[in-house]
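Protein chains: 2
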Amino acid sequence: MKNKITINLSERSYDILIGKDIIDEISHFLVIKKYSKIFVITDKNVAKLHLKNLEKVLFNFDLIEVESGERSKSFENFSNLCDQVLKKGIDRKSLIIAFGGGVIGDLAGFVASVVLRGVDFIQIPTTLLACVDSSVGGKTAINSRYGKNLIGSFYQPKLVICDLNFLTTLPYREFKAGYAEILKYGLIYDIDFFNFLDHNYQKILLKEHDLLQKSIYQSCLIKSAIVSKDEKENGERALLNFGHSFAHIFETETNYSGEILHGEAVALGMAMAIKMSLNLGLINHDLYQKVIAHLNKCGFIINPNKIRSNWHKENLIQHIYKDKKNENNKLTFILLESIGKAVIKKNVDINDFLKILNEFIEN
Amino acid sequence: MKNKITINLSERSYDILIGKDIIDEISHFLVIKKYSKIFVITDKNVAKLHLKNLEKVLFNFDLIEVESGERSKSFENFSNLCDQVLKKGIDRKSLIIAFGGGVIGDLAGFVASVVLRGVDFIQIPTTLLACVDSSVGGKTAINSRYGKNLIGSFYQPKLVICDLNFLTTLPYREFKAGYAEILKYGLIYDIDFFNFLDHNYQKILLKEHDLLQKSIYQSCLIKSAIVSKDEKENGERALLNFGHSFAHIFETETNYSGEILHGEAVALGMAMAIKMSLNLGLINHDLYQKVIAHLNKCGFIINPNKIRSNWHKENLIQHIYKDKKNENNKLTFILLESIGKAVIKKNVDINDFLKILNEFIEN
Chain C
1 MKNKITINLS ERSYDILIGK DIIDEISHFL VIKKYSKIFV ITDKNVAKLH
51 LKNLEKVLFN FDLIEVESGE RSKSFENFSN LCDQVLKKGI DRKSLIIAFG
101 GGVIGDLAGF VASVVLRGVD FIQIPTTLLA CVDSSVGGKT AINSRYGKNL
151 IGSFYQPKLV ICDLNFLTTL PYREFKAGYA EILKYGLIYD IDFFNFLDHN
201 YQKILLKEHD LLQKSIYQSC LIKSAIVSKD EKENGERALL NFGHSFAHIF
251 ETETNYSGEI LHGEAVALGM AMAIKMSLNL GLINHDLYQK VIAHLNKCGF
301 IINPNKIRSN WHKENLIQHI YKDKKNENNK LTFILLESIG KAVIKKNVDI
351 NDFLKILNEF IEN
Chain U
364 MKNKITINLS ERSYDILIGK DIIDEISHFL VIKKYSKIFV ITDKNVAKLH
414 LKNLEKVLFN FDLIEVESGE RSKSFENFSN LCDQVLKKGI DRKSLIIAFG
464 GGVIGDLAGF VASVVLRGVD FIQIPTTLLA CVDSSVGGKT AINSRYGKNL
514 IGSFYQPKLV ICDLNFLTTL PYREFKAGYA EILKYGLIYD IDFFNFLDHN
564 YQKILLKEHD LLQKSIYQSC LIKSAIVSKD EKENGERALL NFGHSFAHIF
614 ETETNYSGEI LHGEAVALGM AMAIKMSLNL GLINHDLYQK VIAHLNKCGF
664 IINPNKIRSN WHKENLIQHI YKDKKNENNK LTFILLESIG KAVIKKNVDI
714 NDFLKILNEF IEN
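Sequence lines, in order, name chains C and U. So in this note's numbering, the last spot in the first sequence is 363, and the numbers never skip. So in this note's numbering, the last spot in the second sequence is 726, and the numbers never skip.
A couple of the hints might just be wrong.
Heads up, simulated BS3-like pairs for lysine-lysine below, C-alpha to C-alpha not over 25 Å straight-line [to be verified]:
#1 K93(C) x K595(U)
#2 K37(C) x K709(U)
#3 K158(C) x K88(C)
#4 K93(C) x K708(U)
#5 K313(C) x K451(U)
#6 K229(C) x K521(U)
#7 K34(C) x K693(U)
#8 K313(C) x K450(U)
#9 K685(U) x K93(C)
#10 K693(U) x K87(C)
#11 K87(C) x K709(U)
#12 K693(U) x K88(C)
#13 K34(C) x K595(U)
#14 K20(C) x K158(C)
#15 K322(C) x K397(U)
#16 K693(U) x K93(C)
#17 K685(U) x K87(C)
#18 K33(C) x K708(U)
#19 K456(U) x K330(C)
#20 K450(U) x K232(C)
#21 K397(U) x K345(C)
#22 K592(U) x K232(C)
#23 K595(U) x K37(C)
#24 K345(C) x K456(U)
#25 K570(U) x K383(U)
#26 K330(C) x K355(C)
#27 K456(U) x K232(C)
#28 K685(U) x K33(C)
#29 K708(U) x K685(U)
#30 K37(C) x K693(U)
#31 K33(C) x K693(U)
#32 K456(U) x K346(C)
Covered by chain U, per the in silico footprint, the following chain C stretches (three or more residues, Cβ under 8 Å) [said to hold, decoys possible]:
#33 74-86
#34 144-157
Computed from the model, here is a short list of chain C residues facing chain U with C-beta under 10 Å [stated by the list, open to error]:
#35 G89
#36 F110
#37 V111
#38 V115
#39 R117
#40 G118
Just so you know, the hints here were simulated from the structure itself, not pulled from any lab data. Yeah, the Cβ is synthetic: ideal placement off N, Cα and C, and Gly gets one too.
Please work from the sequences and hints to get the whole structure.
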């Protein structure tokens, strides 16, 4: 069975298709569109594992491979990719396909949004994280030396195909990291979905097909509901950043090296955000315990000292000031009021942040 | 007297203000907006001549200077500017002001469109070309080694202030180059405006204030009418590229060195486009003569051999294939059907292009 979600953004609307063995859906789309040229941007790891599946349904395309990993979202790669597609003769009727995880989606999406001031692009995510997060909602970005995702655009794809087949080869660590974003949707928006996850997380983490598809579908539904209301993140969309302000300081400090994966950082960040919600009196201790228990049951590391024994707290504090959400040096965090209801908390005192940091980091 | 034009693009609407001594209009705007930080991006030449005028009305800003000239629209400058504003702590409530000619507007506008996925920006054009063309309509861009303006975005400013004071120091050659774009609006859209220009060109080229302001106002009106109907250049907006496909091949071949200014290239390009219109039977010889006579009276060089004695025709032919408007290797040109009425001509035979090239270039 195939799920379809339509993201409603007037003339920029598009479909997300979710299911197993649905990669040939791209053929139906291409027959209608008649692109002059197709470019597939992927990473070397995905190409090795899955390119043969794409080649079964796509007959004529230019392939561009980049190295795997967050470091590929650099200015240098961005300018190289722009030059490469221009050199190969991209025109305004061309299509760029992002075939890979979140790094590829962000990078190829940004290239698509600015080459010739924008050409069509399609997302074919190959990681759980990309299926439920980065391929939905139209945010593209590269990293700057001053932080993650600081240069980018809001640019919607024309189609997203989440084929669960690609997830079968995903290592358990990466798969579980993607689950952190699924959990996030339950926490910020939908208590029934959280309860579903709390009941079924073991089977989902074992990639049990029907439960996994349902989880991806529900995650995309929630994200699309939020994004349709607030495409450019002037308000409610910021709720999707639950746990992310905390997550980014650890990712920045480890220089996106893979020492902590994005989803792992988000799990840790959600634990810290929930603790801040407790400290600030937004939630009670039972609710706090329930969420922390779920994170522990899933095996997420929510003690930063188990990742690295000595963090430089001063650096972590510096990183929080660079967060895009912060204006005029006032801190903003996404916190919980209950399971299923997140709020944007502005003007948080730096001491409340420092307290959390001291509670989580022992040195 | 001050003119005001409102560009209607729903939530992206903005005003263009045109007049003499109107730079203090920015104060009124800033009082309402309350930006957290203001960055002024300018070139060294403009800074030397006009920064003191801006400092009279703007009290607290970060200044970033780049070298003057088209070569500043490079990947390198783009990434440097992004890094500089990030280093200086830009946030989502910050403002970027593009203070200069078309190069600064294109470059600073592109930076504003992608830093933190978009911050507000204001255009204060200091050249005639920027007043009537690049500061209106929201196209931003940098150049690639494969051609001009190939990387960029559609991104609208929040305000444009054309203060004629800044034009007083503009060298005659640059001023006249800007006039070519004014002439373009008459040719593609408004025969009355063309007749007005044909009658008054001498006084306008001498910067006679009232006639100049009227010319800028009418040019911006025409551009805004076209852009409001077709922001992303899916149709009619392409008419604004009249003369530009030809112009770009000479600019690319001279490597944006200033050997031929953009407006000069457009004047030459319009002469070639008018000749193509004649060759293809769209206009009669009288009309052709009338336009060529106007270009000659203004002193535009419409014989490429007077710019450079030996052009490499093969290179010029290669450059036309890189034009953004061309799809599937079919050539598209903007041609005239009459004065005041341009058309998009698709599927032009390469031989029709070669014929024009041979007529204009003698070697």
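request  = Take a quick look at whether K313(C) and K451(U) sit within 25 Å of each other, Cα to Cα.
outcome  = Given pair K313(C), K451(U) holds - Cα atoms ~22 Å apart, limit 25 Å.
key: Interface hint outcome for R117(C) [beta carbon to chain U under 10 Å]   = Since the shortest Cβ distance to chain U is 5 Å, the answer is holds.
request  = For the pair supplied as a hint, K229(C) and K521(U), confirm whether the alpha-carbon distance does not exceed 25 Å.
outcome  = holds, 23 Å
query = Are G118(C) and chain U close enough, Cβ to Cβ, to be under 10 Å, as the hint says?
reply = holds, 7 Å
key: Proximity test - 8 Å, beta-carbon atoms, the region 74-86 of chain C to chain U, at least three hits   = holds (count 5)
inquiry  = Need the status of pair K37(C), K693(U): alpha-carbon distance at most 25 Å?
reply    = Given pair K37(C), K693(U) holds - Cα atoms ~14 Å apart, limit 25 Å.
task = Would you check the hint for K34(C) and K693(U), treating anything up to 25 Å between C-alpha atoms as holding?
result = holds, 15 Å
query = Given the proposed pairing of K456(U) with K330(C), does the C-alpha separation stay at or below 25 Å?
reply = Holds, at about 12 Å.
Proposed proximity, K232(C) with K456(U) (alpha carbon, max 25 Å) = Holds: K456(U) and K232(C) sit about 14 Å apart, inside 25 Å.
task = Starting from K685(U), check that the Cα of K87(C) is at most 25 Å away, please.
result = holds, 9 Å
inquiry  = Please verify whether K595(U) and K37(C) have alpha carbons no more than 25 Å apart.
reply    = holds, 21 Å
inquiry  = Can you confirm whether the C-alpha distance between K693(U) and K88(C) stays at or below 25 Å?
reply    = holds, 16 Å
When each numbered hint is compared with the structure, no violation occurs for any of them.
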